[in-house]
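**Q** Spelled out, the chains give:
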Amino acid sequence: MSLPTQSEDSRREVGTAAAVGAATAGLPSTAGAEATGSNGSFAVSLTVNGDRRHLDLDPRVTLLDALREHLHLTGTKKGCDHGHCGACTVLVNGVRINACLSLAAMHDGDAVTTIEGLGRPDRLHPMQAAFIEHDALQCGYCTPGQICSAVAVLAEIEAGVPSHATGDLMGSMTLSNGEVRERMSGNICRCGAYSNIADAIADVAGSL
Amino acid sequence: MRPFTYERAASTAAAVAAVAARPGARFIAGGTNLLDLMKVQIETPAHLVDIRHLPLRGIEDTPDGGLRIGALATNTEVASHPRVKRDYGVLARAIVAGATGQLRNKATTAGNLLQRNRCPYFYETTLPCNKRQPGSGCAALGGVTRSLAVVGTSPHCIAQNPGDMAVALRILDATVETVRPDGSPRTIAIGDVHLLPGDNPEIEHPLAPGELITAVTLPRPPGGTHHYHKVRDRASYAFAIVSVAAVLQKDGTGRVAFGSVAPRPWRVEAAEALLPHGPAAVVTTAFQGATPTAENAFKIPLAARTLALVLAEARA
Chain V
65 MSLPTQSEDS
75 RREVGTAAAV
85 GAATAGLPST
95 AGAEATGSNG
105 SFAVSLTVNG
115 DRRHLDLDPR
125 VTLLDALREH
135 LHLTGTKKGC
145 DHGHCGACTV
155 LVNGVRINAC
165 LSLAAMHDGD
175 AVTTIEGLGR
185 PDRLHPMQAA
195 FIEHDALQCG
205 YCTPGQICSA
215 VAVLAEIEAG
225 VPSHATGDLM
235 GSMTLSNGEV
245 RERMSGNICR
255 CGAYSNIADA
265 IADVAGSL
Chain X
521 MRPFTYERAA
531 STAAAVAAVA
541 ARPGARFIAG
551 GTNLLDLMKV
561 QIETPAHLVD
571 IRHLPLRGIE
581 DTPDGGLRIG
591 ALATNTEVAS
601 HPRVKRDYGV
611 LARAIVAGAT
621 GQLRNKATTA
631 GNLLQRNRCP
641 YFYETTLPCN
651 KRQPGSGCAA
661 LGGVTRSLAV
671 VGTSPHCIAQ
681 NPGDMAVALR
691 ILDATVETVR
701 PDGSPRTIAI
711 GDVHLLPGDN
721 PEIEHPLAPG
731 ELITAVTLPR
741 PPGGTHHYHK
751 VRDRASYAFA
761 IVSVAAVLQK
771 DGTGRVAFGS
781 VAPRPWRVEA
791 AEALLPHGPA
801 AVVTTAFQGA
811 TPTAENAFKI
821 PLAARTLALV
831 LAEARA
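Line order of the protein sequences matches chains V and X.
Mind the numbering: the first sequence is residues 65 to 272 in the numbering used here, read in order.
Mind the numbering: the second sequence is residues 521 to 836 in the numbering used here, read in order.
Calculated from the structure, these hints are not laboratory results.
From the three backbone atoms N, C-alpha and C, an ideal C-beta is built for every residue, glycine too.
Be a bit skeptical, because a hint or two may be false.
As the list claims (entries may be wrong) - Which bits of chain X does chain V cover? Going by a derived footprint, with three or more residues having C-beta under 8 Å, they are:
no., region
1, 542-555
2, 689-695
Stated by the list, open to error - Computed far set for chain V versus chain X, every beta-carbon distance over 12 Å:
no., residue
3, GLU133
4, LEU135
5, HIS146
6, ASP172
7, THR238
8, GLY256
What the hints assert, rightly or not - Estimated spans, in silico, between C-beta atoms of each pair:
no., chain 1, residue 1, chain 2, residue 2, range
9, V, ARG187, X, ARG700, 49 to 59 Å
10, V, GLY256, X, ASP771, 48 to 58 Å
11, X, LEU715, V, SER240, 36 to 46 Å
12, V, GLY242, X, HIS725, 21 to 31 Å
13, V, GLY270, X, ALA541, 53 to 63 Å
14, V, SER240, X, GLY578, 44 to 54 Å
15, V, GLY242, X, LEU727, 50 to 60 Å
16, V, THR138, X, ARG542, 32 to 42 Å
17, X, ARG752, V, GLY256, 15 to 25 Å
18, X, ALA533, V, HIS118, 56 to 66 Å
19, X, HIS797, V, CYS203, 52 to 62 Å
20, V, SER240, X, GLY655, 48 to 58 Å
21, X, ALA755, V, CYS203, 38 to 48 Å
22, X, ALA817, V, GLY270, 40 to 50 Å
In isolation and in its complexed conformation, chain V is listed as follows (with noise of 0.2 Å):
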């Protein structure tokens, strides 16, 4: 299966992690414990948006919450923190998941890419781009996991993952506004942007 896309930097680990049928995650790293140590901890080592980062945590922690609680990277939000909203969606190895609903001890040796690593302010990501330009936010809360999770959408397809909009299981996949309403579910906006979201999208899945 292809890579996810990242047409900008492709130094960043979006660019060059396993793809989504990849047969190994990231391997543990050698520095990381394999147990809970004596004091109830856990050492974790993430690559987050390029940058090695080593952890020392409780293990109940989340990997949302190692995010925004221990690294400062408030970009990703927690919305229900029960994988219902999407709010939290970030990218491990290049695929999209709920933050909330994984453990960072879990995720010793992986990659992680954050909306904050997907672009910046001076050079956005096309999908970030994209949404200022169709106006596909009202409060933004739900934005983050909006954009990561419509990045891995277009990658998806791309690597043939069906979805249950897809008609011909064997047929090549195409982006309808039916494909893209059905693949971002899990992703909810309490505002409503719905139909500029699909928009943005459907725009940057054209320009490709």
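Take the given structure of chain V and dock chain X to it, following the hints.
**A** Relative to chain V, chain X alone:
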């Protein structure tokens, strides 16, 4: 979450030994269901054994023309596999009808198979639940029951199995491979994986403490046309009210199972033998002995109508 200790298993044997040795220890792989339940303290494991890195993720052809799916293969990986899409379409369709892209990227085959039920009273920890607190009673009886099971229930529990993937695996005659704490392997027929509640609703599967699912194996493809139709309250990201998985042959015979109507994927072989006689005959036999509530009795005619839709699709 309650405090717990954590270790990463170096091998399958070590993982099984670690969980078997410690009461209250659990395996964790995808974690999407377990962590959700740990946050509300319905699951309170004292120790987690992370099996994510074990070599149980591959999907490979079997010598007899079937497919062996590693326990750790994610929902996305299974649904995207060329042979699943080509030969076991009902499985790909069922998987992508469930959850969201984010969750399917994380959820594993074995974890999805053993996901806990979604009865609202199981989640409401201030109310009795025989699954959560054996012997405490069932608050669902006499409560809001619209989504719950109509057949295969007991006076102690009417929770439904909410899965989609498992319904497809049931009609594909999958077998589940495990390794037991003493290291010996065994295989369990998919129809025996989910137990009916009876007098012990808290016992949901026949696996011993520490027994680990290593793979789910599909026999040779059944041919025919593959269908998974899920009826739910919104168009995406909702559990089924009723689902129908079917593999239908040109001569009118086939296999059919219903989801979200019973404590396990509901396949009655005597009922599917009536497929040439139409949906009403199938459903009448499949739901014989059903004990629906006034609120969820609609699921039985809905099952017949959904099956009628699937049969019409197959003819089209």
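**Q** Confirm or reject each hint.
**A** Evaluated hints:
Only when three residues or more bring their CB closer than 8 Å to a CB of chain V does the claim for the region 542-555 of chain X stand; here the count is 4, and the claim holds. As drawn, the region 689-695 of chain X meets chain V at 0 residues by the rule of a beta-carbon pair under 8 Å; below three, the given contact is violated. Under the 12 Å C-beta cut-off, the non-interface status given to V/GLU133 relative to chain X holds; the minimum distance is some 15 Å. In this structure V/LEU135 is separated from chain X by more than 12 Å, as the shortest Cβ-Cβ distance comes to about 20 Å.
Not every beta carbon of chain X lies more than 12 Å from that of V/HIS146, the smallest distance being close to 5 Å; the non-interface claim is violated. Annotated as non-interface, V/ASP172 brings its C-beta within 12 Å of a C-beta of chain X; the closest such distance is 8 Å. The claim that V/THR238 lies off the interface holds: its Cβ sits roughly 16 Å from the closest Cβ of chain X, which is beyond the 12 Å cut-off. The claim that V/GLY256 lies off the interface holds: its Cβ sits roughly 14 Å from the closest Cβ of chain X, which is beyond the 12 Å cut-off.
A hinted range of 49 to 59 Å holds for the C-beta pair V/ARG187 and X/ARG700, which are about 55 Å apart. In this structure, V/GLY256 and X/ASP771 meet the distance hint of 48 to 58 Å, their C-beta atoms being roughly 49 Å apart. Judged by the Cβ atoms, the range 36 to 46 Å given for X/LEU715 and V/SER240 holds: they are separated by roughly 42 Å. A C-beta distance of roughly 37 Å is found between V/GLY242 and X/HIS725, which places it outside the suggested range of 21 to 31 Å.
The hinted range of 53 to 63 Å is satisfied by V/GLY270 and X/ALA541, whose Cβ atoms lie roughly 56 Å apart. Our hint of 44 to 54 Å for V/SER240 and X/GLY578 is violated, since their Cβ atoms are close to 33 Å apart. For the pair V/GLY242 and X/LEU727, the supplied restraint of 50 to 60 Å is violated, since their beta-carbon distance comes to about 40 Å. Taking the beta carbon of each, V/THR138 and X/ARG542 are about 37 Å apart, inside 32 to 42 Å as hinted.
Between X/ARG752 and V/GLY256 the beta carbon distance is about 21 Å. The supplied range of 15 to 25 Å therefore holds. Distance hint check for X/ALA533 and V/HIS118: the Cβ-Cβ separation is about 30 Å, which falls outside the suggested range of 56 to 66 Å. Between X/HIS797 and V/CYS203 the beta carbon distance is about 56 Å. The supplied range of 52 to 62 Å therefore holds. Against the hinted window of 48 to 58 Å, the Cβ-Cβ separation of V/SER240 and X/GLY655 comes to about 52 Å, which satisfies the hint.
Taken as a hint, the range 38 to 48 Å is violated for the pair X/ALA755 and V/CYS203, whose Cβ atoms sit roughly 24 Å apart. Between X/ALA817 and V/GLY270 the CB atoms are about 49 Å apart, so this pair conforms to the stated range of 40 to 50 Å.
The structure fails hints 2, 5, 6, 12, 14, 15, 18, 21 (numbered hints given earlier, in ascending order).
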